[in-house]
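Asks: Residues per chain are reported as follows:
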Amino acid sequence: MAQFKNSTVKIDNEEKMSGKALFTDDLPSEGFLWVRPLRSNIPCGRIRTINVPKLPKGYYWVDAKDIVKENVVNIIFSDWPVFADRRVNYYGETIGLLIGPDKAKLEELGRLLQVNYDEEIPHFKLNNSKIHKSFTKGNLDEVIKNHDFMLEETFETGYQEQVYLEPQSMIMWLDGDKITIKASMQCPFYIKNAVVRTLGCSPDKVRVIQPAVGGAFGGKEHYPSMMAAQLATAIMKIKKPLKMVFDRSEDLMYTTKRHPSRTTYTGYVKDGRLVGVKAHVGLNGGAYLGCSGVVLNRGLIAVVDSYDVPNLDVTGDVYVTNTMPTAAFRGFGSPQTIFAFEMFIEHIAKAIGVDPVEFKLKHLVKKGQTTAVNGKFHDDIILPQLVEKAMEMSDFKRKYKEYSKPGSNRGIGISTFLHGCGFTGSGESTIINAQLKLTKDENDIVHLYTSQVDFGQGNRTTLKKIVSDTLGIPEEQVTHEAPDTDHTLSTGPTAASRTIIIVGYLCEKAAKHLKEIWKPGVYQEWIEPYVGPDYIHWDEDTLQGDAYPGYAWGVNIVEISFDPITYQVKVEGAWSTYDVGHAIDERIVIGQADGGLAQAIGYGYLENMEMAEGRFRQKTLADYIIPTSADLPMMETELIDNLFAYGASGAKGCGELTFVGGAPALCHAIEMAINRKIYKIPANPEYLMELVENGKD
Amino acid sequence: MEKISFYLNGKQVKLAIDPSTRLLDVLRIRLHMTGVKEGCGEGECGACSVLVDGVCYNSCLTPVANVMGKHIVTIEGFRTTKQYRIIADAFADFGASQCGFCTPGMILNAYALLKNNPHPSEEEVRIALSGNLCRCTGYNAIVKAILEIAEKGDIVW
Ligand code: FES
Ligand code: FES
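Sequences listed follow chains Y and U, in order. For the first sequence, the numbering used here gives the first residue as 1, with consecutive numbering after it. For the second sequence, the numbering used here gives the first residue as 1001, with consecutive numbering after it.
There may be inaccurate statements among the hints.
Claimed, not checked - Derived lysine-lysine pairs resembling DSSO-like cross-links, with alpha carbons at most 30 Å apart:
| # | chain 1 | residue 1 | chain 2 | residue 2 |
| --- | --- | --- | --- | --- |
| 1 | U | Lys1152 | Y | Lys366 |
| 2 | U | Lys1082 | Y | Lys5 |
| 3 | Y | Lys5 | U | Lys1152 |
Treat the hints as calculated values from the structure; they're not laboratory data.
Work out the full structure, taking the sequences as your base and the hints as a guide.
Replies: See the structure below:
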């Protein structure tokens, strides 16, 4: 038997294992028409003409001319058109949709359809900034005048594809005059709002229902809004039920990925301490901004990771290029900067001749200190315990000494990191305004309504459990169905590790209130609005103040062996400790830890997605390699409680936390094995060969 | 169009169909076996795994003509067996299914492995499953669940 504290079998466990769970493409869709997007095959230019072939009866073409109200997808920064209008800005931009009953026929028509362009010279360089951010802390000028050592280095991270196992898919039909949508998604209300915006219709004319969802990891946060806006435009024209299911290649080539980044640090050391850092973070946002500004914010706020650096001068830019727009992926900007800073701080230690791990531990942030953005770490920070525990689990000290010897071809590395839970700053109370509804029927069955999507994280179970535990009733006495926008209020998107820290907290508060007014045998209802900690003050324009309601913390240790002939890395061990406040369901949290770290290890050395002339080179899962069971070791995870006052039973977030530290821990280990400095991920055999032959030690 | 017949979950099926049709499409679209998933359509992910005469195959790469007269088991058939229960219980215990998209294929492959090798080592499990991608679990819980079953003593597979 597996030993997990306070764990229950997930609500949807049996239906998923037995294959009974219906994912979007499994839903009955007799009579639905297939939708095939027609995409640009140049990175940049004006559309001169679109020559649509003569369409057989029952086939349709829909494009920008059919837009009902606004040709824009409602994303944080709404600049992405539903359909390219007169010009295209990236290879793969949707120009229109071919729609009809037979998939093969649509392919044939797609080949006959001709778009003529006046091609323009595409822009691929990272120098056209559309979003610029900056902040300072302390007084870096003083440090620049007075230091003993200085180092400047630049780090790069590549694209990463989510590879949720279920590709993007959506069906849409008219129920009377109401648009009804089922899709593989993360955020039902984002989809609803996107349809309402492009059609200019009233919100009660759109309903979004979540079927089973096969993974998302950020990749289904915004992209389904685009699909919904396109299908809604089409359905208003042709009034027929529609189905759009991407095949894997389409999904790899034409959906959003993690932002590639380039980060430059200049670090200043005085008396053996890193006293100042100047940093610049550049992200490739692709052709449209979408959520890139917010991704940049998160990256900048995490610019010195979990370390205390008193003087900072930080700038960041989102660059616009003629490439596929980049968007959300687990970690949302922070994995890029945390990788870069982890490598940088160890490089500084090596350069001044001190032990990198000791140097890092000396700089760990403590409670009461100011954050990079001049907020305060209000809560207890148990990083030293997390480090000690992880070292003990992995036998770190012995291995560290042993593998440091030249020629060992083995390495072990440690990263420490934080993750701010919830939306940045006051976003929870100013943008999202979550409201949670709890009802009790005449049979005293309690019904919980949230807009949280369970795409594998187990949150349907966890949130329900918070309610039953708080009410002190059996779990079977509470229901928590997958969201349907006609039945639930918006408790916000399933993103930003906010589900447990924010919605979980709401569940607990609502259940407490329901308990107070509980009258057996009658219908009762309670609506709970989110009210965050009152000590949180944040200025979005200057990026100053308390960036998050709370922070979760973690330590990753990764051990590798290196083959000096093939330059292959093999991951031999991985150990983690986390402070997620409190695990409401330990099995679920450990599952997040395993999955997050596996993706992060893939990000660090395996997952390579390259862009050439505006196109992704990797078009199939044979070219874009993610970790298989044979690539990974058994990972061990321990959780240490550190209760958070504004979380249900003290719980904070955990989904993204488990991603941010894996790549640097792995790269520290590789650095030890090859005795070279790593500046870029993925650290694949080609790069490692280059380093071993010409790199710096 | 040709007449093709095979056994699906113990029952004979006869279809008039283009023999080059992917078994995956025959199962999902014609026969409504939606527990068989399409994750890639190119033999890389294993979500479309089915048992053909007891051996695990990617149904996306298998033309239906190749299974003429053979016995095919999908999760819809396998879930009624006690072998399924043993594997599913261990999967539940360790939390081996998250989003669940890979799970039916993973379970069929776990069965194919255990049937041939009731006491596999960790490495054997990892190699046997390496054609079934899972993006959610990092494989930890899946591998542990299978090792736990293997340890339980002799189960008649
Ligand atoms: S769908 Fe057959 S292997 Fe992926
Ligand atoms: S559980 Fe989601 S892919 Fe395996």
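Asks: Lys5 of chain Y and Lys1152 of chain U: Cα distance at most 30 Å?
Replies: Cα-Cα ~22 Å, so holds.
Asks: Is Lys1152 of chain U within 30 Å of Lys366 of chain Y, Cα to Cα?
Replies: 47 Å, violated
Asks: Tell me if the straight-line CA distance from Lys1082 of chain U to Lys5 of chain Y falls inside 30 Å.
Replies: Within the cut-off at roughly 28 Å; holds.
Comparing the model with each numbered hint stated earlier shows that hint 1 is the single one that does not hold.
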